[in-house]
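Work out the full structure, taking the sequences as your base and the hints as a guide.
In the order they appear, the protein sequences are chains A and S. Residue 188 in the working numbering sits at position 206 of the first sequence, with consecutive numbering throughout. To get the working numbering, take the position in the second sequence, counting from 1, and add 1314.
Incorrect hints may have been included.
Said to hold, decoys possible - For each label pair, taking beta carbons as the anchor points, the in silico distance ranges come out as:
(1) A:H360 to S:L1618: 38 to 44 Å
(2) S:L1373 to A:L382: 38 to 44 Å
(3) A:T266 to S:N1355: 41 to 47 Å
Simulated from the structure, these hints should not be mistaken for laboratory data. Where is the CB? At the ideal position from N, CA and C, for every residue including glycine.
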Amino acid sequence: MSLNLRMVVHLLGWVLCIESLFLCFPLVASVIFWEPVIWVYVVVALGCLVVGFALTRCKPKRTDFYAPEGFVTVALSWILLGMTGSIPFVLTGEIPFYIDALFETVSGFTTTGATILTDVETLSKASLLWRSTTHWVGGMGVLVFVLAIIPLVGGHSIYLLRAESPGPSVSKFGPHMKDTAITLYKIYMAMTLIQMVLLLLGRVSLFDALNIAMSTAGTGGFGLYNTSIAGYSVYVQVVVAIFMLLFGVNFNLYYALLCRRAKDVFKSEELRVYLALAAFATITIAINIVRQVGSVSEALNQAFFQVTSIMSTTGFSTADFNLWPDYSRTLLVILTIIGACAGSTAGGMKISRVILLVKHVRRELRFLNHPRSVEVIHFEGKRVQHEVSRSVNAFLIVYLMIFVCSMVLLSADHFDFVTNFTATATTLGNVGPGLNVVGPLGNFSGFQPFSKLVLIFDMLAGRLELFPMLLLFTPSTWRNR
Amino acid sequence: MKIIIVGCGKIGSTLAGELSHSGHDLTIVDLNADRLSQLTNSLDIYGVQGSAASYQTLLEAGVRDADLLVSTVDADEINLLCCLIARQAGTPHVIARVRTPLYVDDIRFYREQMGLSMAISPELVTAQEISRLIRFPSAIKVEAFNKGRVELVELKIPERSGLNGKSVSNADKLQKSGVLVCMVRRGQEVMIPDGRFVLQSGDRIAVIVPPGKSRELLRLMGVEEEPIKSVILAGGGKISYYLGRILLREGIDVKIIERKPERATELSELLPGATIILGDCTDKELLTEEGVEDIQGFVSLTDLDEENVMLSLYVGTRSKAKLITKINHVSFDEVIDNLPIGSVVYPKEVVAGMIAQYVRTMQNSMGSSVETLHRLGGGAEALEFYVRANSPLIGKPLQDLQLKQNLLVCSIIRQGKNFVPRGKDALQAGDSVIIVTTQTGLNDLSDILK
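Right, here's the structure in full:
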């Protein structure tokens, strides 16, 4: 039997329909602010709806849906989202080149927040809102949204969740896939709304509050101004920093809180390490930059914001950390690579994978001393299954391979090593800013189109946890099984 | 309904498949993570890894607010313990699989004193199912409705039958005796026939008959039926023991062929009325010696599915005995249905069917009105509904109702008497109706409308 392509196409149709639904956000904004770009969003939204609806009419003949279909659907969905979502930017003339628009949109959906725009403030309100909307949708995942609204065949839909959600082992909350997807989006929406209200209390305009909240929720990082969040009050900066930290936490823990299982939350190893790492980085960076910044409180504020922004892979900034001392810069790059908790909207390698890798190394060391020792690795109070260990190790290897290949391809461009290294790390980790040319106040516009394509691949691979994108290019996925 | 299934072995996974397709909230508990993830990958259910007898695991699975827990792990003791914990934690209905004959006899105590809703011994229910087939040898399946007032009999139209080539409405012999053909299986296809449907030899049909009339019906169809007086059971496992016990009580001669000397001795102690033969039942000579050629019933009950199939095939060539084959694992029913091995009994499906029926009855008390449900294979179901006084269908002639496709109102039972409904008949409050359909998941009588 070959891949169930009709099913894949059917689901892609749904993805396009959802995209047209979300295109209504900028559409409404352009109506309110009465901007000339209104026709662009009307045309694109309608186009997506018509094509999407036509594709959903492609009724699957067979209902079999296994892991390959899951991976292929997810990978193709995200490529499709990027390709169609970039059309408005080209049509409005705000980003004339398609590759640039594609980079910007993929950066949006993958919640990277890396931009090729040299002056964000010239964009129309509608396009600004569309950028933030892509973050919000991309954060929790489009197919999770699809799962929440359509009645999907059978139980195999777990393969979709697994392919799109971050983390070494993905699980449902309850018996039904659909309920899990709905619960995830409910938590997500509630948290976004709370953040918006808090921002409004800090005298931020409604438009800004909506954009910042959506961008934070997806841990994206597209700002409305060239200076990102630096122009807002300290209160706003602290609110954003705290919410960035919160959106980097595994959503299963919020679900546990909802079920009044607070004990699980306190017991979570990953959360503890995440918070400890954030505290450690904040304090040491604050000490490191205090002389440069001037006051202790300002140093702590800037360090806390930058650390949470980088760890949660959001990429907002309130200071140009490119100018900070080397210790701080180095630590931030390392945090870029690590990322936040599994099952959150953040990117990176994920804290849980790092913990598992460290535990493996520790076991290996003990094994060298006691060659006959037997040791079972535990994580979150449960025994780690062999498959999970294997996939974590494979993840690391694939991560390094993609990293190295990207670096080599980027080096053909005309930038220095630090720029290339951090550009790769930041796109693969879905963070946004890197160092030097791609620093917090810089942008990616100087790269050649080919380099941009490489970085687009990195962003998609990073968001989908490497494997779906690779499987798309693996012949055996397409061959008869 | 929230249902917890403990153990994902044969019965657990069959049951999970069945119940999740009818839309229940399923949680499955098993110690083995591999087996668990295999099942949770293919079905929309929630998996909890842990020991069945651990309170913590069961709490995680949600025993506090579950409606039903079914424990199907290998060890009876764990099943009973698991049910006990669940009962104490607040699950109102608990079902345990209990297979050791010693405990099976104690089931009444567990039911009354420990609050067990149902104890299922797969071997006992399989034996009961087989005994029903032996009592009614030409049937492939016999199911009872309305406390036995009506029976649904599934049988094969024999060669040289008067029904061959006749349409359902033209088979006047059937018409006269008040028998309705409500389902036809031809090869893999399952059809709900209308009046123009032409029957063929080899079709498997399901008919609804009042219990007394079944013999008469068979005669009309050209099947000579003699009651079975002697059977050979190949293999001396637990099913053979239970089956032997039931058959001996009915005065049927039972011969059991068992390979292991210890078990053979044990059996002869347990079943003094039966003839126990020590030997290999795949030994052709032994079979001939024990009179396989004139035997009236032959039941293959060894542990190996392949051996059972081969045995039945062989005996089928040597005698005219009614063949019954037990199959544990093999899931190639497309192939098995076409083999001349008589009636096939799948213990896991018998058990899963019983539990699914229990679930239906539970739903019944929660608002649905399904009284009985039997699965006919190939996705068809026969359901019995009770017509409540507030049903919207009351008083309307059946011919005016917009019924769903592939759905047939086969029988109405009014004041203890059943009749095949005509287009002009209308339902009354207090009636029971039997519906045969390939549309699964009907919960209420009004669901039969489009």
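Kindly indicate which numbered hints from before are broken by the structure, ordering the numbers from low to high. none
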